[in-house]
Structure formats: C-alpha cells, structure tokens
Amino acid sequence: MSVRTQLLKGVLDGCVLSIIEKESVYGYELSKKLQLAGLNDVSEGTIYPVLLRLQKNGYIRGEMRPSESGPDRKYYSLTDDGRAALKALALEWANIAGPVTTLMQRRHTND
Amino acid sequence: MISSKQLISENNERRKLLTKENEKYYDDMLVYIRLKAKSSDQESEEVLMELLNHLIDGQQDGKTAADIFGDDPKGYADELISELPKAHLRTRLPFLSYLLINLISIFLLVRGAALFIGGFFKPVDATVFIVKSTLITVYWLLAIAFLIWFILHLVENALFKKVSNWKDVLKAGLVGIISFGLGTALLYLIPNFGPSFSFGWLPSLVSGAILWLISFWTKKKFNLF
Chain A
1 MSVRTQLLKG VLDGCVLSII EKESVYGYEL SKKLQLAGLN DVSEGTIYPV LLRLQKNGYI
61 RGEMRPSESG PDRKYYSLTD DGRAALKALA LEWANIAGPV TTLMQRRHTN D
Chain B
1001 MISSKQLISE NNERRKLLTK ENEKYYDDML VYIRLKAKSS DQESEEVLME LLNHLIDGQQ
1061 DGKTAADIFG DDPKGYADEL ISELPKAHLR TRLPFLSYLL INLISIFLLV RGAALFIGGF
1121 FKPVDATVFI VKSTLITVYW LLAIAFLIWF ILHLVENALF KKVSNWKDVL KAGLVGIISF
1181 GLGTALLYLI PNFGPSFSFG WLPSLVSGAI LWLISFWTKK KFNLF
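Order-wise, the sequence lines are chains A and B.
For what it's worth, our numbering labels the leading residue of the first sequence as 1, then goes sequentially.
For what it's worth, our numbering labels the leading residue of the second sequence as 1001, then goes sequentially.
Chain A extracted, bound-state conformation (with noise of 0.2 Å):
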C-alpha cells in the first residue's frame, strides 16, 4: 500500500461524507466527483465498504429508486447524524491539517 493510499484511507470516510452532502448520488457518480476533486488514485472499489460502514454508523441512508435511463440505483442521502460527524471530522481535519502543513512547509525552508 502507497503512503498516499494509506493517508487517504483515513480521511476517506469524511471525503466521501462531503460529497454526499451536497447532493444524493450513487456508487458510480461518487467515484467520478472523487476522481474529479483530485483524488484519481483512490481506487473505485474501495467507497463500498466505506459506503456500507456509513450507512451501519446511520451516517448516510440508502434508497434503491430506479433511475431516468437504465437500471436500477442505489442513491444515498445524508442523515442529521451523518451532517453531525461530518462537522465534527471537518473540524479535526482543519486542526491536523494546518499544523501539518506548517511543519511540512518548514522543513523545505530550512533546508
């Protein structure tokens, strides 16, 4: 596993809380709008589980509906817990984050 990969795993949860919290999407697009926010090596399997622990914790809600054109979609929706712990991940990412990034930062100046 990448070091990449291995960061990401840990903040994946609220990443794809994010997402979803916008609009109710479903497996394939959530895949496409990671991709698009810069996330390319996330590989696209991995949301499921991620998918399934969410809706266990009752973070997110499932709704098999079928859609316009083709088959039928499992679209998820966020629920006030979901909303909740993606606020609170949010806040914990923005305190790891800065500091991180300050020291990060400071090893190159001192080089």
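Simulated from the structure, these hints should not be mistaken for lab results.
Don't take every hint at face value.
Claimed, not checked - With a cut-off of at most 30 Å between alpha-carbon atoms, the simulated DSSO-like pairs for lysine-lysine come out as follows:
id : chain 1 : residue 1 : chain 2 : residue 2
1  : B       : Lys-1020  : A       : Lys-32
2  : B       : Lys-1074  : A       : Lys-9
3  : B       : Lys-1167  : A       : Lys-74
Following the hints, put chain B in place on chain A, whose structure we already have.
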C-alpha cells in the same frame, strides 16, 4: 423498496452484459458474498447490484474488474462482508424451522410408503424404540448440517482459483459416503432397548403429510424463496 428477489432476477439479467473476463471475476465474488455474508439477503443483494452496475459502467469506459475492485477479489469481498451488518438469528429462524420440518416430513412420508409397500411382501416391524430413534435422528441432522457446511467450505475455497479441483469432488463424495454408511451402521449397532411404541404406515404417512403442509405454509407465510 425493491425486494431481494427482484434484485436477484435483475442481477441475473444484467450480468449478461459483462465481458467474459469481468464475468468470471464478478461471479466468484457474487457466490462468495452470497455464501459467506451473515447479513440479510436484502443488504447483500443491494451491494452486489451496486458492484455490478459499477462494473458495467466502468466496462463502458474501458476498465476491467481488476482496475475497479483491485487485484485481490477475495480480500475485497472479505472487506465488504466485514462491513455488512449481521442479521439476527431471529430473522433466520423461519428458514431453519422450515428446513427441519420439511426434512422430518419427507422422512415420515418415505417411511410410511416403505412400510406400506414392504407389507405386501413380508411382515414388517413398525416398532419405534424411542432412545434409538432419537439418537439416529440427531445423528442424521448433525450429519446433514456437517455435509452442507463441508461442501460450502469446499466451494468457498475453490472460488477465485484459476483451475477447478477434482480432488474437492472426491473429498465431498467420500465424506458423503462415510456419513451415509455410518448412519446405516448405527441402525444395526444400537440395540433395540427401552420404551417403544408401534408406529405403522398410516400414522407415519398422515403425520408426514401434516408436517409437510406446515412446512409449505411456513414457506408461503414467510416468503422464504
């Protein structure tokens, strides 16, 4: 909500859209998850449908199953299974009781028919020794449960492999013969002793028929399959 039955038939239809290579990859995952997931059918069928739709969409963009789900299908399926919620034993109870009642009813029907037909040729002994019969019934239930578990275990191990294994077929056959032989041997090995009663062909047939109707009703009532 779309029922698990509908999802299964839709899955069967849509799988035809897969390329040969992707179908092999997906089929192994499908059988493995259906066998191993302890979740409700609804939950496992929904995720199986999502994976299939994703694979079909990806296929149109020129991706293979390995591109999407990784090079380790078994590991990926295990990851999914570990995230699926586990169903309570209570939800499986109707199916397990259906199986038990159906098995016993068939045994009683066959026994009744055999006693009836056998009676034309020679005098038959319809005596049932309670202790002996209980032991043998318990043996058969355990043996059948073990056989099912053993064969499912072999199937799980055979999935995701390139070559089919004739040794597995031999193993399954051997275990089947041994458990059947042991069951037959028990008939002679356990002596007739203790309390007994006569249970002729007619009561055997009638009780078998009643139990069969009950199992049929259970199946309809709980919409088992």
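Review point. B:Lys-1167 and A:Lys-74: Cα distance at most 30 Å?
Key: It is violated: about 41 Å lies between the C-alpha atoms, which goes past 30 Å.
Check your understanding: B:Lys-1020 and A:Lys-32: Cα distance at most 30 Å?
Key -> Satisfied, since the Cα-Cα distance of roughly 25 Å is no more than 30 Å.
Check your understanding: Does the alpha-carbon distance linking B:Lys-1074 and A:Lys-9 stay inside the 30 Å limit?
Key -> holds, 19 Å
Hint 3 from the list above is the single one not met by this structure.
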